[in-house]
Amino acid sequence: MTELATRWLGLELRSPLVVGASPLTDDLDALKACVDAGAGAVVMHSLFEEQLVEEQMAAHRFIDSRINMDAEARSFFPESELFEMGSDSYLQRLELLRHSLGVPVIASLNGISAGGWTRHARELEAAGAHAIELNLYDLASDPEETAEALEQRQLSVVRSVAEQVSIPVSVKLSPFYSALPAFVAGIEESGARGVVLFNRFYQPDMDLDELELSREVVLSTSAELPLRLHAAAMLYGQTTLEMAVSGGVHSGDDAAKAILSGASAVQVVSAVLSEGTGALSRITREMTARLSGMGYRSLAEARGVMSMANAPNARTWERLNYARLLHGWN
Numbered sequence: 001m002t003e004l005a006t007r008w009l010g011l012e013l014r015s016p017l018v019v020g021a022s023p024l025t026d027d028l029d030a031l032k033a034c035v036d037a038g039a040g041a042v043v044m045h046s047l048f049e050e051q052l053v054e055e056q057m058a059a060h061r062f063i064d065s066r067i068n069m070d071a072e073a074r075s076f077f078p079e080s081e082l083f084e085m086g087s088d089s090y091l092q093r094l095e096l097l098r099h100s101l102g103v104p105v106i107a108s109l110n111g112i113s114a115g116g117w118t119r120h121a122r123e124l125e126a127a128g129a130h131a132i133e134l135n136l137y138d139l140a141s142d143p144e145e146t147a148e149a150l151e152q153r154q155l156s157v158v159r160s161v162a163e164q165v166s167i168p169v170s171v172k173l174s175p176f177y178s179a180l181p182a183f184v185a186g187i188e189e190s191g192a193r194g195v196v197l198f199n200r201f202y203q204p205d206m207d208l209d210e211l212e213l214s215r216e217v218v219l220s221t222s223a224e225l226p227l228r229l230h231a232a233a234m235l236y237g238q239t240t241l242e243m244a245v246s247g248g249v250h251s252g253d254d255a256a257k258a259i260l261s262g263a264s265a266v267q268v269v270s271a272v273l274s275e276g277t278g279a280l281s282r283i284t285r286e287m288t289a290r291l292s293g294m295g296y297r298s299l300a301e302a303r304g305v306m307s308m309a310n311a312p313n314a315r316t317w318e319r320l321n322y323a324r325l326l327h328g329w330n
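Be aware that the sequence shown starts at 1, since it is given in the working numbering, and climbs by one per residue.
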């Protein structure tokens, strides 16, 4: 029987299966069920700095619009605690999960300014987060800003957070970097401990009947996994960062492929949202059976076996990518 214990971000996990950032964070009973089903850690949904700023500005606009209504206006100002003026509710939730789940709890942060990132990171550490997952995503909309300038700004954010906290920092990336190994090397130099491959984003669509933009959450499928496998296989052996695969893991074979490609942990969300917490039990059984059947006694023995550095036919990774490009496969 394959031993499933693993080490990710310097944390000892009983299983590589991690509940990724999702609405499940708000359901303590569901998270407890995930842990009972085999989850080795939990990632909270992101604390969005821009959302906090907008909420604070909305509160100020509400008060300012009423300040001169009449001479007694100040007497009926709402109490400040009626407004979400900061990250307090998120921090309280973090403390609750930390004391209730019995597995590492990773806070997730998505910020827009260097000062905001570091301030909130210190708050998350003080509230008991075992690690912090940074979501790096900038929508490149300025034609005068180069990719290099954008990436340097992101690396500056990683460096500033890593310097401000003593807990491990992991960086969740988008799949859109033109030179991923070089950027990951920059992340490592900036002081991060791990990297997550890859983030999935809300994709705006159009409602032609109403002529409006719409946004839907589309759950992943296993078809999204190869992109992650290729990135992990390419990076394994080129970085000391501990990798996690996120997106497209729906079966034990999917999880096993992520480990064989070089991942230390596997984040699961869509399978749990669609199937319930039983998905984690099923994936654990399937993954254990697959790796045991292949003769691996531990995840350490299996990790990276199918990376570009170790796979018997490693050049196939590149040949398949070239074929997709040449023939326009999608």
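Hints in this document: simulated from the structure, not taken from any laboratory.
Cβ coordinates follow ideal geometry from the N, Cα and C atoms, glycine included.
Any given hint might turn out to be false.
[Stated by the list, open to error] Simulated restraints, written as ranges between beta carbons of each label pair:
| id | residue 1 | residue 2 | range |
| --- | --- | --- | --- |
| 1 | 253 | 36 | 37 to 47 Å |
| 2 | 179 | 209 | 12 to 22 Å |
| 3 | 212 | 295 | 51 to 61 Å |
| 4 | 163 | 210 | 40 to 50 Å |
| 5 | 227 | 14 | 25 to 35 Å |
| 6 | 160 | 312 | 20 to 30 Å |
| 7 | 179 | 226 | 35 to 45 Å |
| 8 | 160 | 239 | 37 to 47 Å |
| 9 | 10 | 99 | 17 to 27 Å |
| 10 | 313 | 100 | 19 to 29 Å |
| 11 | 102 | 275 | 20 to 30 Å |
| 12 | 312 | 102 | 18 to 28 Å |
| 13 | 293 | 185 | 27 to 37 Å |
| 14 | 27 | 145 | 37 to 47 Å |
The hints, checked one at a time:
Between residue 253 and residue 36 the CB atoms are about 23 Å apart, so this pair departs from the stated range of 37 to 47 Å. Range check, residue 179 to residue 209: Cβ separation about 42 Å, and the 12 to 22 Å hint is violated. Range check, residue 212 to residue 295: Cβ separation about 55 Å, and the 51 to 61 Å hint holds. Between residue 163 and residue 210 the beta carbon distance is about 48 Å. The supplied range of 40 to 50 Å therefore holds.
Here the CB-CB span from residue 227 to residue 14 is close to 28 Å, well matched to the stated 25 to 35 Å. Judged by the Cβ atoms, the range 20 to 30 Å given for residue 160 and residue 312 is violated: they are separated by roughly 43 Å. Between residue 179 and residue 226 the C-beta distance comes to about 20 Å, which lies outside the given range of 35 to 45 Å. With their beta carbons about 21 Å apart, residue 160 and residue 239 fall outside the hinted range of 37 to 47 Å.
Remark: the range hint 17 to 27 Å for residue 10 to residue 99 is upheld by a beta-carbon distance near 21 Å. The hinted window of 19 to 29 Å between residue 313 and residue 100 is violated, with their beta carbons roughly 47 Å apart. Here the CB-CB span from residue 102 to residue 275 is close to 23 Å, well matched to the stated 20 to 30 Å. In this structure the supplied range 18 to 28 Å is violated for residue 312 paired with residue 102, their Cβ-Cβ distance being about 40 Å.
In this structure the hint that residue 293 and residue 185 lie 27 to 37 Å apart at CB holds, the actual value being about 36 Å. For the pair residue 27 and residue 145, the beta carbons lie near 40 Å from each other, so the given range of 37 to 47 Å is met.
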